[in-house]
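Student: Just so you know, the sequences run in chain order A and B.
For the first sequence, this note's numbering assigns the number 308 to the initial residue and increments by one for each residue that follows.
For the second sequence, this note's numbering assigns the number 308 to the initial residue and increments by one for each residue that follows.
Quick caveat, the hints were computed from the structure, so don't treat them as lab data.
Just so you know, not all the hints are guaranteed correct.
To be verified - Just so you have them, the derived chain B footprint on chain A, three or more residues with Cβ under 8 Å:
hint	region
1	332-345
2	384-394
3	521-528
4	531-545
To be verified - Where chain A lies over chain B, by a calculated footprint (3+ residues, C-beta under 8 Å):
hint	region
5	385-391
6	405-417
7	466-478
A virtual CB, placed ideally from N, CA and C, is assigned to each residue, including glycine.
Protein chains: 2
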Amino acid sequence: MPSPEPVPGTRGFIIPIGGAEDKMADRRILKRFIGLCGGRDAPVVVVPTASEAEDTGARYVDVFDRVESGPIRVVNISTRHEADQPEAIRALEGAAGIFFTGGNQLRLTTILGGTDFAQAVRKANARGVHVAGTSAGASFVSGHMIAGGREGATPKAGMVTLAPGLGLTNRVVIDQHFRERDRIGRLLTAIAYNPYAIGLGVDEDTACFIGPDNVFEVVGRGGITVVDANDCESSSMARTADGHPVELVGVKLNILIHGSRFDLGARRVLARE
Amino acid sequence: MPSPEPVPGTRGFIIPIGGAEDKMADRRILKRFIGLCGGRDAPVVVVPTASEAEDTGARYVDVFDRVESGPIRVVNISTRHEADQPEAIRALEGAAGIFFTGGNQLRLTTILGGTDFAQAVRKANARGVHVAGTSAGASFVSGHMIAGGREGATPKAGMVTLAPGLGLTNRVVIDQHFRERDRIGRLLTAIAYNPYAIGLGVDEDTACFIGPDNVFEVVGRGGITVVDANDCESSSMARTADGHPVELVGVKLNILIHGSRFDLGARRVLARE
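Kindly produce the complete structure, drawing on both the sequences and the hints.
Tutor: What follows is the structure in structure tokens.
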């Protein structure tokens, strides 16, 4: 279920970040996000629900202030009841951007899934508010979310757990801390269940700025691994027992770096601008 | 990603059937489906891709003929290459209904997912063609599909495998052969990941006729168990290790039988007509 976009092309950006984004040196991902939102004039909402640490929200207030953001509102939601309160929804009013911190993506789905707050974020994105998420927050933004899994390079049946996410887009399945935690096996496994989605493996300190036209640009120090199985000839997932390796014939991989652009609709790399 | 409905309210019915539908006696599910499609005048397409048996399509030609159907076209697709051929798409032209047989739902996602045929079925449903599926075919129609899992009444982390399905609707997660195979634990587990979706546990010889207004009616001999966790206070999934029981506080269950009607948007049972 993609965001209920009232007019095609008006959706805000969707920005999964691979975790551990630079907060001290050149901070190009956070600067780019704040610039997109409108800089000093634009309120941004931070949602630290994924994290159990109490200072996660306050930490991002400092970090965003150092990249010349507008006012930062931290919305502390840690129960489903809080996610259905009018104050939570009101915090989104007038916001130009929403930022989901890292932590555990199952906290995001179990606390926010189906609540008024989740619905309000979906509607905000549909009318042009940009939504970024880092680490667990990156996994959460898509419709099919990697909830967990095992490390390793070979896809094996049962090595990944999928769950419904926020559903701002359904075109991608996102994994984060990608090369740092050796996650290509679990991303390939996720795609092997149904090749229609495109797998995005986002490295640390790297972000994927997905525009309303479903073209994304890579920003940051690492790479993004794009797994496209739509033209694959076969996937053995239907006959593979848990723990056994999966056969996947004809998967296309693209490894993209800072400045690369990719069209998720046409499934191809674009010329650099 | 629900079907790309051009005009709201024009979508065809979505009809998950719990498997083992009566094919010999009063056959009320199949009669109702054929009647909805338009009876003798209406071509219906049977897709036996889930099954590895060679005679599955032919068997349904006989079964539908006995309930006074229109012409039945069997589309045999067993590879991704076949699912991208123009003949497969042409078979859908003029069809009033599409029927996915039982078998293995991962054959449906791995062979059809992301292909031209899957896209054509989605578009057909959006413009008014009715799509039914029995057993594996029932699981396949929704966006979040139960690919497999373990039996038992207690929800346990890791007891269900979710995968992306065809995505005609995202409001429900469907399980089939429901009471016959003791699947309430795995359906509760699926909903515990993200309470926004409504769980539908469909018994054998029982069907859920979901209309374009997202109101469904139960038809058949068994029941449909509706799991609604949207008002639940908490789900422990974010802190539960695989194999351990999941705490879910405040889930609402409705057990519905032949003639019951339920509004998936308002999440409530309606008066009988």
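Student: Work down the list of hints and note, for each, if the structure agrees.
Tutor: Right, here's what the structure says about each hint:
1. Closer than 8 Å: that is the beta-carbon criterion, and the region 332-345 of chain A has 0 residues meeting it against chain B, so the requirement of 3 is violated.
2. By the rule of at least three residues with a Cβ nearer than 8 Å to a Cβ of chain B, the coverage given for the region 384-394 of chain A holds, with 3 such residues.
3. For the region 521-528 of chain A, the stated coverage by chain B is not satisfied: 0 residues place a CB nearer than 8 Å to a CB of that chain, which falls below the threshold of 3.
4. Coverage of the region 531-545 of chain A by chain B holds in this model, with 9 residues showing a Cβ closer than 8 Å to a Cβ of that chain against a need of three.
5. Counting residues of the region 385-391 of chain B whose beta carbon lies closer than 8 Å to any beta carbon of chain A gives 3, which reaches the threshold of three, so the coverage claim holds.
6. Counting residues of the region 405-417 of chain B whose beta carbon lies closer than 8 Å to any beta carbon of chain A gives 5, which meets the minimum of three for the stated coverage.
7. With a threshold of 8 Å between beta carbons, the proposed coverage of the region 466-478 of chain B by chain A holds, since 7 of its residues qualify and at least three are required.
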